[in-house]
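Novice: Read top to bottom, the protein sequences are chains A and B.
Just so we're aligned, residue 1 is where the first sequence starts under the numbering used here, counting upward by one.
Just so we're aligned, residue 1 is where the second sequence starts under the numbering used here, counting upward by one.
Derived from the structure by calculation, the hints contain no laboratory data.
Heads up, the beta-carbon is just placed ideally off N, CA and C, and yes, glycines get one too.
Fair warning: there could be bad hints in the mix.
Distance condition first, Cα-Cα at most 25 Å in a straight line; then the derived DSS-like pairs of lysine-lysine [stated by the list, open to error]:
| # | chain 1 | residue 1 | chain 2 | residue 2 |
| --- | --- | --- | --- | --- |
| 1 | B | Lys78 | A | Lys56 |
| 2 | A | Lys68 | B | Lys78 |
| 3 | B | Lys101 | A | Lys71 |
| 4 | B | Lys78 | B | Lys68 |
Here's a subset of chain A near chain B, in silico, CB distances under 10 Å, partners left out [unchecked claim]:
| # | residue |
| --- | --- |
| 5 | Lys42 |
| 6 | Leu65 |
| 7 | Lys68 |
| 8 | Phe89 |
| 9 | Ala91 |
| 10 | Gly93 |
| 11 | Gly95 |
| 12 | Phe100 |
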Amino acid sequence: GESVGLHLPTLSVQEGDNSIINCAYSNSASDYFIWYKQESGKGPQFIIDIRSNMDKRQGQRVTVLLNKTVKHLSLQIAATQPGDSAVYFCAEGRGGKLIFGQGTELSVKP
Amino acid sequence: DAGVIQSPRHEVTEMGQEVTLRCKPISGHDYLFWYRQTMMRGLELLIYFNNNVPIDDSGMPEDRFSAKMPNASFSTLKIQPSEPRDSAVYFCASSLTGQGKSYTFGSGTRLTVV
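Isolated chain B, as found in the complex (with noise of 0.2 Å):
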């Protein structure tokens, strides 16, 4: 298996500009979440789906991020407009229900919003 694959790996983007990050999870897992990393706050979940369906979104910081996973292949989050304040690593992971040694993540895409 090719593991969970992110694009793209890098995105610099200009401010109010939408953005679209993808990721593939691996066959068969069941759970896909979407983190973000920065040096002041770490690794923050920010939504996650089980068998597709969106579970909890609690930590998507505000209405201009939004996620979707229209089948068990892929997902995407997208920011629009984006911010400045939203230049991170975004990491997408996948998991198999009950073992969390499968948690696997992604190569992570590197924002920047200028």
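If we strip away everything but chain A, and leave its shape as in the complex, we get (with noise of 0.2 Å):
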């Protein structure tokens, strides 16, 4: 069936480095990319969007990039902080609708 999948469960960094959180999708179709960070006992928060027309986004210290030729979305942060600890999880959505992958557990060591 169609999935929104990630390809590393878990992922530990220096603080003051940069991350780099992956995520494969199957679905040609959707019209927009979302991340979410989830941190315990709280429901996702957005972080950054990307539409399907677009290859790149910068936010606040996150960039996320697109690449539709192998279905495949990135979320890079910049000088990661203890406070960017949290599960991160890329959602794709299509006609209104917004499904989530698995989820990346962010480790950050100070």
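Using the hints, put the two standalone chains together into the complex.
Specialist: Written out as structure tokens, the structure is:
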């Protein structure tokens, strides 16, 4: 069936380093993609989104890259901080519906 | 805006009992979603509404689950009868048409069925 999946379930980085979280998707009909951050005991929080007609979008310390040729999405976090420790989900949206991947846990070592 | 409000935050119930989860979406949002999160299956979309009308309930596990949205400011997810395998965190989210960044999640209801 259709799915949005992540390459790595866990990622450990040193504080101050850059982090890259990857995501693969299978449905080329998706209209947009969103990255969410989920901290323990909380609901997912919006980080950044990108429409299917774009290949890059930047926010504050975050960049999302979309490669439609290989159906790949990535989230880059610059100068990773301890507060960035969380589970990160990519999600694809189509027809108003949002489908989530399994998530990657990011751990930031001080 | 107070965001998406869910109640209760925690629910512990015995197998066979009826459970009702509640959600108040952000005012003005025209989409409402119910998700279930478990370690094994991640975030699963159960059902979603557009302008109070159910659009896709293909994610609802079985007939024991039902969801309603009687008006634009309130939705319920009911499980009757509940089973231990229903234990999970249930999230409600709302959004505005065409604005992916508007998707906003509530804090979730942690359901434990014993």
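Novice: Compare the structure with the hints numbered earlier in the document and write down the numbers of the violated ones, lowest to highest.
Specialist: 1, 2, 6 and 7
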